[in-house]
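Protein chains: 2
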Amino acid sequence: MSPERIAQCAELAMLIELSSDPKPGNVDRCHDFSDIGFRHFIVSAVSAYPVFRKAASKRISFGRLLLEGVNAWKEWNISSNTHFGSLVLMIPLAIAAGMSGDLKHETAGVLKNTTVEDAVDFYCAFALAGARVADVSEFSLKDQAAATELRKQGKTLLDLMQLSQDHDLIAREWSTSYERLFRLAGQLAEEVQKYGLNDGVARTYLAALAEFPDSLVQAKFGRDRAMAVSLMASQALEDETLESARKMDFELLASDVNPGSTADLIAAALFISLLTGLRFR
Amino acid sequence: MSPERIAQCAELAMLIELSSDPKPGNVDRCHDFSDIGFRHFIVSAVSAYPVFRKAASKRISFGRLLLEGVNAWKEWNISSNTHFGSLVLMIPLAIAAGMSGDLKHETAGVLKNTTVEDAVDFYCAFALAGARVADVSEFSLKDQAAATELRKQGKTLLDLMQLSQDHDLIAREWSTSYERLFRLAGQLAEEVQKYGLNDGVARTYLAALAEFPDSLVQAKFGRDRAMAVSLMASQALEDETLESARKMDFELLASDVNPGSTADLIAAALFISLLTGLRFR
Chain F
0 MSPERIAQCA
10 ELAMLIELSS
20 DPKPGNVDRC
30 HDFSDIGFRH
40 FIVSAVSAYP
50 VFRKAASKRI
60 SFGRLLLEGV
70 NAWKEWNISS
80 NTHFGSLVLM
90 IPLAIAAGMS
100 GDLKHETAGV
110 LKNTTVEDAV
120 DFYCAFALAG
130 ARVADVSEFS
140 LKDQAAATEL
150 RKQGKTLLDL
160 MQLSQDHDLI
170 AREWSTSYER
180 LFRLAGQLAE
190 EVQKYGLNDG
200 VARTYLAALA
210 EFPDSLVQAK
220 FGRDRAMAVS
230 LMASQALEDE
240 TLESARKMDF
250 ELLASDVNPG
260 STADLIAAAL
270 FISLLTGLRF
280 R
Chain C
0 MSPERIAQCA
10 ELAMLIELSS
20 DPKPGNVDRC
30 HDFSDIGFRH
40 FIVSAVSAYP
50 VFRKAASKRI
60 SFGRLLLEGV
70 NAWKEWNISS
80 NTHFGSLVLM
90 IPLAIAAGMS
100 GDLKHETAGV
110 LKNTTVEDAV
120 DFYCAFALAG
130 ARVADVSEFS
140 LKDQAAATEL
150 RKQGKTLLDL
160 MQLSQDHDLI
170 AREWSTSYER
180 LFRLAGQLAE
190 EVQKYGLNDG
200 VARTYLAALA
210 EFPDSLVQAK
220 FGRDRAMAVS
230 LMASQALEDE
240 TLESARKMDF
250 ELLASDVNPG
260 STADLIAAAL
270 FISLLTGLRF
280 R
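Here the protein sequences line up with chains F and C, keeping their order. Taking numbering that gives the first Met the number 0, the leading residue of the first sequence gets 0, the next gets one more, and so forth. Taking numbering that gives the first Met the number 0, the leading residue of the second sequence gets 0, the next gets one more, and so forth.
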């Protein structure tokens, strides 16, 4: 697949994830947040296009690409975190898709080959993006001095992700070579086949949220709240009309509960599905 | 401005136009048509990205670029016409933006320098896209033999557009060096400043529709119906809450009246605004 086509799949994945609804608690086609709207996510998706194309065609490190992606938002005056988690999950996929081998195998290699400099760039990008995650005791992402410490201890980005895997869904994927993401991509393709693109994406989002408590919700509101949200998702999934999911959406929005990590997983799963031939009408 | 940035402005213009609402009678963030939806427009916008980048960086003729744009939809299995009018208006702007001079001046030059081969390619692209316009007596766009006739008579694409300028809003822009489009872009920037991005775009759409009857509506339902729709838009514009525009949207959708040419003008006006520094929050 050409780097151009890979970048198009990536951008399309972000835009389809964004515009599917209902995805309880997240910005979708039907509503914005008070501080960040659909337009900011559109701009951030468009600004990431060259990053994905470069990822698929040039030997540029993950860390540099991530920094370029976050800096591109700033060029368009986006001050909030839009697609940080999506970039962290999707850039390795774009690098892998530009290689000759099996996507899953190449992705695992990309993650394993990350370096200490990738870890340092990740810290930098994280601060620039204003992203939010649960703290890891050893290397607080809020502590800039930790970058020096990382270099001293020779920790790669994969090491860092492994330290966070119990607290953060995205770090968990990194630590397990995207095992769950590839499974979600298969599930997504089946749901899209059965329910069409919008409802297939919405249902896979609900299923993913039901399966694991969202780490962004957990970082903000604690484990109990995150588990309660997962239970709601599980119940909403039983209603094929998605009306229960719409009701859940209102409830989460009213209490500012935003399962953003799960949305990032869905964007990445969509990317895998598109790379591996997802068809929709 | 770099070709990459020009392509980003073009794609963003398409996506912002698409997702602004209400734009009575067109696909927007809130509703699809029965046969063509938001997702098709997203795919078509993403597939056009390389076309815009090439337009801004390489010496490729308008006709070839247009053909590439329409063929790109097919690669993504889009069988309906999504952005044909937008491509016809925006490709010359992307070519002009890649040149060193003033955008308006360079655009006029691009249009004037189109050739007979551009006209032939346009015919081909038109047939591929399944676009709909009012017939021009001399060169029916439904008649493929006309391509041979064009070559024989040595008609350039600009000649062809001049023949259609009384029937078609897009041909009218070509024939007048985008005079109205540059004015609409200025108006759009003012409205966005005053009402924010979404309402600014929606209000400029209404104002444009009120100013000139939409040529797609006219081709499908006749002049009287198109004039009546313009009158509705003029009245809807008086209601700052846009509630009247929402009501108008329901009415047009119910009768399958789709002012698609006006939507194309707004995408192109947004492109000009973004190229010339439009800011929004």
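These are computed hints drawn from the structure, not numbers from a lab. Accuracy of the hints is not assured; some may be wrong.
Derived, one-sided and incomplete: chain F residues facing chain C with beta-carbon distance under 10 Å [said to hold, decoys possible]:
| id | residue |
| --- | --- |
| 1 | 6 |
| 2 | 44 |
| 3 | 71 |
Cβ atoms here follow ideal geometry from the backbone N, Cα and C, with glycine treated the same way.
*Given residue 44 of chain F as an interface hint, is the shortest Cβ-Cβ distance to chain C below 10 Å?*
holds (8 Å)
_When the least beta-carbon distance from residue 6 of chain F to chain C is tested against 10 Å, hint result_ = holds (8 Å)
*Given hint residue 71 of chain F near chain C, where the shortest CB pair must fall under 10 Å*: Holds, because the Cβ-Cβ distance from residue 71 of chain F to chain C comes to roughly 9 Å (cut-off 10 Å).
Against the hints set out earlier in the document, no violation occurs for any number.
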